[in-house]
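There are 2 protein chains.
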Amino acid sequence: MEFSSFLTSLGTSFLIFIVLMLLFAWLSGKPGNSVIYYPNRILKGLDPKEGGSRTRNPFAWIHEAMSSTEQDVISASGYDTAVYFVFLSTVLGILVLSGLVLLPVLLPVAATDVGVKIAKTTSNGTFSNLDKLSMGNVKEKSSRLWAFLLATYWVSFVTYFLLWKAYKHVSGLRADALMSPEVRAEQFAILVRDIPPVPEGQTRKEQVDSYFKRIYPESFYRSMLVTNNKVVNKLWEELEGYKKKLARAEAVYALSKKTGKPEGARPTNRIGFLGLIGKKVDSIEYYNEKINEVTPKLESEQKDTLREKQLDAALVFFSSRVAAASAAQSLHAQMVDKWTVTDAPEFRQMIWTNLKIKFFQRQVRQYVIYIVVALTIVFFMIPIAFISAFTTLENLKKYLPFLKPIVDIDAIKTVLEAYLPQLALIIFLALLPKLLYSLSKAEGIPSEGHVVRAASGKYFYFIVLNVFIGVTVGGTLFSTFKDIKKDPDSIPDLLAAGLPVNATFFITFVALRFFVGYGLELSRIIPLIIFHLKRKYLCKTEAEVKEAWHPGDLRYGTRFPGDMLIVTIVLCYSVIAPIIIPFGVVYFGLGWLILRNQALKVYVPAYESYGRMWPHMHKRILAALIIYQLTMFGYFGAKQFIYVPLLLPAIILSLIFGYVCSKKFYRFFRDTALEVACRDLKEIPNMEQVFRSYITPSLSSDKIEDDQFEDALSQVSRSTSFV
Amino acid sequence: MEFSSFLTSLGTSFLIFIVLMLLFAWLSGKPGNSVIYYPNRILKGLDPKEGGSRTRNPFAWIHEAMSSTEQDVISASGYDTAVYFVFLSTVLGILVLSGLVLLPVLLPVAATDVGVKIAKTTSNGTFSNLDKLSMGNVKEKSSRLWAFLLATYWVSFVTYFLLWKAYKHVSGLRADALMSPEVRAEQFAILVRDIPPVPEGQTRKEQVDSYFKRIYPESFYRSMLVTNNKVVNKLWEELEGYKKKLARAEAVYALSKKTGKPEGARPTNRIGFLGLIGKKVDSIEYYNEKINEVTPKLESEQKDTLREKQLDAALVFFSSRVAAASAAQSLHAQMVDKWTVTDAPEFRQMIWTNLKIKFFQRQVRQYVIYIVVALTIVFFMIPIAFISAFTTLENLKKYLPFLKPIVDIDAIKTVLEAYLPQLALIIFLALLPKLLYSLSKAEGIPSEGHVVRAASGKYFYFIVLNVFIGVTVGGTLFSTFKDIKKDPDSIPDLLAAGLPVNATFFITFVALRFFVGYGLELSRIIPLIIFHLKRKYLCKTEAEVKEAWHPGDLRYGTRFPGDMLIVTIVLCYSVIAPIIIPFGVVYFGLGWLILRNQALKVYVPAYESYGRMWPHMHKRILAALIIYQLTMFGYFGAKQFIYVPLLLPAIILSLIFGYVCSKKFYRFFRDTALEVACRDLKEIPNMEQVFRSYITPSLSSDKIEDDQFEDALSQVSRSTSFV
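Residue numbers (my numbering), protein chains in the order written: chain P, 13 to 735; chain Z, 13 to 735.
Among the hints, a few may not be true.
Note that identical chains are pooled: a pair holds if it fits in a single copy or bridges any two copies.
Mimicking PhoX-like on lysine-lysine, the simulated pairs with C-alpha atoms at most 25 angstroms apart in a straight line are [said to hold, decoys possible]:
id, residue 1, residue 2
1, Lys631, Lys350
2, Lys631, Lys546
3, Lys144, Lys302
4, Lys315, Lys453
5, Lys180, Lys453
6, Lys151, Lys42
7, Lys350, Lys694
8, Lys302, Lys177
9, Lys416, Lys370
10, Lys42, Lys350
11, Lys151, Lys558
12, Lys255, Lys153
13, Lys269, Lys453
14, Lys315, Lys151
15, Lys257, Lys56
16, Lys315, Lys144
17, Lys558, Lys246
18, Lys453, Lys675
19, Lys309, Lys151
20, Lys425, Lys242
21, Lys370, Lys291
22, Lys321, Lys42
23, Lys242, Lys256
24, Lys321, Lys631
25, Lys256, Lys144
26, Lys269, Lys631
27, Lys180, Lys315
Hint data in this document are derived by calculation from the structure and do not stem from the laboratory.
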């Protein structure tokens with residue numbers, strides 16, 4: 013890639029960023045848009061414009077984000093978001109500390125070497141200034157390579173140090189969250205699966221109750237059997253749908269009274285396919301009728317579900333946090349595949365449909381899905397390698413000669429050259445997360461957060477293996493394919509030549525990600541447009557409007573693998589082409605700043621896992637470090653540096669570091685430590701309320717009396733047991 | 013090996029066996045020997061000669077052993093011994109079921125083939141009748157190999173079926189043991205290690221008590237700090253030594269009154285080095301003096317130890333079994349390397365000196381020892397291969413020509429040929445267990461039984477890898493070393509030729525083991541001789557005599573790897589040379605019978621782990637099966653059988669079977685299931701007694717009042733807490 017196209021790419025990205033920033037400053041000031049730019053605050057009942065925003069200073073948000081504390085983030089967006097910021101600032105710290113040493117030391121060392129002629133690059137072969145600053149400019153076997161070797165160690169030690177500190181900090185955050193004096197329902201419950209068949213002469217409820225009462229005579233409170241809610245959920249959704257439509261019809265009617273004739277125009281609809289064909293009816297009457305028709309059906313189905321459709325899973329409630337935490341960790345049955353316990357997920361995280369999957373089926377599903385994902389990763393590598401090789405202009409012209417006239421126009425050429433490969437990548441990557449999410453869900457995991465973490469892990473391997481390794485190796489190999497055929501032994505030499513050249517590609521990739529990606533993130537142009545369109549043409553009731561602007565989650569599950577790709581790229585090139593470090597710093601610095609604003613004012617967390625994502629983050633940063641060390645090992649080898657075995661201790665050290673961390677910290681992220689769970693609560697927990705918070709809306713009804721629940725939900729064991 | 017030398021070997025072994033059996037029948041009838049042949053019954057206070065022995069029928073013991081139930085074994089020798097019999101009968105079952113199909117099917121198939129000329133055997137190259145019955149006699153690529161392939165699967169399925177049944181059975185035994193209504197102290201305690209430094213202004217005792225009282229306000233009973241007992245133990249042993257010597261001196265004096273002059277001869281001793289030099293003193297006076305001198309020292313050291321020498325480990329006692337079982341499985345501290353808990357070993361299993369080793373030091377020690385053992389295994393393989401190759405007579409004559417005249421004498425030649433290689437092996441193997449035991453102990457394991465299991469596992473790998481693979485591969489390679497140098501590609505062919513030939517070696521090895529080994533075991537010639545010598549020349553007091561005949565443990569830890577060697581050998585050759593199966597059946601049948609007698613009448617278990625050895629046994633039988641499948645895979649390959657990939661599913665099936673078993677059953681062998689621990693006891697446990705049973709003898713003294721223990725042992729939390 014030529015230097016000029018590199019600058020063009022940077023320049024364009026920066027321009028887009030500036031435009032988006034200006035848009036944000038302008039749009040966020042308008043009162044009608046505050047539901048888009050301050051939804052978190054509005055939902056919390058706070059004044060959206062509190063603080064600097066009132067002064068209309070367009071940069072006030074920067075000051076607010078910078079001066080916010082971790083506690084502010086926790087109270088606005090929860091612990092998981094705070095942990096995501098620990099990730100951002102840890103990576104930022106690693107890059108800053110690395111850059112502070114690597115840039116002033118390595119750039120002069122590389123630039124002042126006499127330089128070696130590098131094998132043909134993917135562009136015209138002109139040797140740009142950028143490439144002069146990279147390790148590619150250092151001669152083979154040169155003693156200058158010592159500086160790069162030491163730099164590799166420096167980056168490793170910085171990473172160990174900051175990761176250790178971060179793990180300790182996050183462990184503390186998690187402890188704070190779990191020992192909080194607030195009553196949180198999930199801390200009083202455990203999830204029991206694989207309950208054996210009901211013995212003769214007992215109901216499922218009696219079986220579960222007697223089992224747990226016997227083991228926990230004092231702390232057992234009550235159990236709730238999990239039922240198959242498919243039918244009842246469908247009925248309930250139907251009913252809710254009619255209720256919404258009724259509200260909507262009433263709103264339309266009220267509006268027509270105000271705007272049109274004083275008696276109003278009663279809204280009508282057709283009852284056929286999609287409301288397009290069939291008889292025309294009065295909507296309000298029709299929906300009222302429907303509601304009256306469905307309600308008794310739902311009620312009888314509710315009773316039926318509770319009595320007949322019990323599954324072999326249950327939630328068991330305890331009267332103290334310690335009892336629940338301890339029960340969730342203990343083996344209950346002699347056979348491990350019976351009465352399996354885990355701590356209960358939050359109600360909003362429960363994946364009820366997965367609860368009926370049996371122990372060994374879960375194991376089988378897990379392995380099958382691992383294999384499927386591994387195959388997907390391996391077989392996507394091939395197209396990716398082709399994409400990255402094809403989408404350089406050189407290759408386009410070569411293989412698709414009819415494009416030549418268009419591509420040769422200077423302006424188009426520069427822009428295409430700058431963006432084509434990166435765009436191809438970004439579009440490809442956007443298609444994946446959904447697939448991985450459904451695959452992870454199919455493993456039989458009972459909690460939403462866990463599924464997100466599992467999917468995120470798969471996405472990480474996908475991105476890193478395919479994009480990073482695919483582009484580096486594929487791009488290099490492809491562009492020099494003929495040379496290899498002539499002389500296969502030259503592969504290491506080609507890689508040695510290819511690695512620094514790819515650096516420019518990745519720098520523009522990073523820059524595109526932060527300027528355009530974060531610009532769009534902050535300005536929220538797309539949600540804004542969608543919201544205004546919806547409000548104008550679709551929303552009739554208050555509830556519908558509220559739904560239209562609901563900001564959703566930060567979605568760190570998909571954000572994080574993207575960030576990890578940047579971490580991997582920047583780490584791997586940090587020593588080879590240290591000039592990439594500032595770009596990485598800007599990516600994470602800007603990311604931290606903009607997401608801080610979004611976390612404080614925009615996004616609303618969908619669930620809370622108290623930092624369970626951190627061990628994944630930690631492991632993956634470490635994996636990136638090891639990939640980096642391996643890359644350096646290979647690259648030093650290709651540079652014929654005879655002291656390259658001195659890098660092996662670094663790799664072993666990384667493995668030991670990972671082992672020690674997981675030994676020391678990990679189990680607390682899986683199980684609740686009892687010393688944490690035994691802290692006092694601020695009030696005696698209202699167990700009835702804790703219990704009721706786990707009743708699915710489709711099963712909860714004012715008309716259903718408690719004694720009708722009896723079949724699925726056990727009675728209070730002793731009314732005074734929870735003191 | 014020639015057929016005649018094979019028969020000689022068998023004949024000699026059988027002769028020795030008959031002689032030992034006759035000796036047993038004669039000696040066990042003599043009343044003076046009953047402490048050697050019935051010590052278990054005597055120690056239990058039962059009549060040693062009850063049942064058939066009274067009739068002087070020398071084969072009554074066989075009837076008694078056959079008719080004894082598992083419950084008899086459990087009450088005589090405990091659960092661990094019963095589990096060892098499950099192992100023996102499972103292996104016996106596998107071999108019998110395999111033999112019933114393999115012998116009638118495979119022998120004719122092999123014997124009726126035209127036969128191939130096999131490469132030079134280790135003997136004169138005469139092709140014996142035995143070799144004709146093996147798979148070596150089947151031609152390459154022959155369709156007869158199908159029978160052998162199916163036989164391989166039959167053996168595998170028999171193994172899966174019996175192993176599954178056995179695991180289920182042992183799991184039930186363990187559950188029975190753990191839910192027994194007897195009060196067993198270790199079920200009420202947990203072992204806590206890695207207690208963090210004492211906070212300012214607290215004692216260690218207060219720290220531990222407040223920590224556990226807070227988490228278990230209702231079930232915590234009391235804690236006992238572990239102290240460094242080195243000095244106090246030394247003093248206590250010194251005192252006990254003097255007490256014994258005093259008793260001995262008094263016995264000698266009493267005897268002299270009876271036999272010599274009526275006033276008696278007061279015994280004297282010298283106080284210098286080993287009682288050989290120095291001043292002569294009156295023994296009774298001298299030892300009394302010494303006891304009076306050491307006793308106060310011991311008492312003050314006891315107080316000192318309890319107050320000053322507390323380590324960062326403790327035993328914590330709970331008032332119920334469920335509470336203790338649950339506590340032992342739960343994470344207590346936020347950092348996993350602090351307050352680590354495990355269930356408490358029995359008092360007699362405690363390895364107090366290991367308790368002070370820190371969390372990460374234990375990890376490091378473990379890995380270091382794994383590496384040491386792995387290196388030992390690898391580097392012992394070389395000498396073993398040489399031993400087995402050298403100690404064939406052929407080679408002895410070749411490399412040590414001066415032995416030729418002796419070796420050529422016919423009688424000596426036959427005996428030597430029969431025993432030389434086996435003896436070399438057996439002697440070598442006898443040296444190992446001690447080393448592996450100390451290595452395992454150095455890992456920092458807190459319980460004796462666990463150390464024995466760990467050592468046993470190492471011993472298994474040692475034996476199987478070195479003996480089996482070493483002899484097979486080494487022996488074959490060595491004897492044909494020159495051929496290989498000529499043509500390295502012929503290695504598979506050589507192995508194919510060598511495997512069946514080695515079968516004869518292993519058959520004689522197995523026969524030697526069961527005839528001589530079990531003959532010695534039953535007749536107890538060596539303990540008998542030692543006992544009579546000791547009683548005659550050394551023992552003066554009743555206690556000394558009792559010590560002299562104390563039978564000790566069954567030592568399944570070292571017995572089991574030896575058995576596993578036989579299992580591995582017989583399994584591996586079961587299809588190649590099915591004639592080995594009857595020898596395996598006799599080994600395990602005879603073993604079962606003779607050890608049943610020993611378990612019922614002789615050995616006294618040193619500790620009880622409630623069948624924790626079983627998962628190891630299970631895993632190792634499965635490992636032997638996989639080694640067998642791999643051997644068959646290689647051997648079929650060497651026979652150029654093109655359907656050999658059909659064996660791969662068997663190997664995968666074994667891995668899946670192992671995975672499923674360990675998932676379903678294993679955790680219950682590590683942790684106590686709460687549904688088992690919650691069974692009712694036959695009486696309210698006397699917690700004071702439970703607590704006192706863990707006080708080391710060197711620290712327990714009538715003179716030390718309970719309040720002096722206060723520093724290390726916490727007070728009863730609430731006197732009524734254990735109802």
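Which numbered hints are broken by the structure, listed smallest first? The structure breaks hints 2, 3, 4, 5, 6, 7, 8, 9, 10, 11, 12, 13, 14, 15, 16, 19, 20, 21, 22, 24, 25, 26 and 27; every other hint is satisfied.
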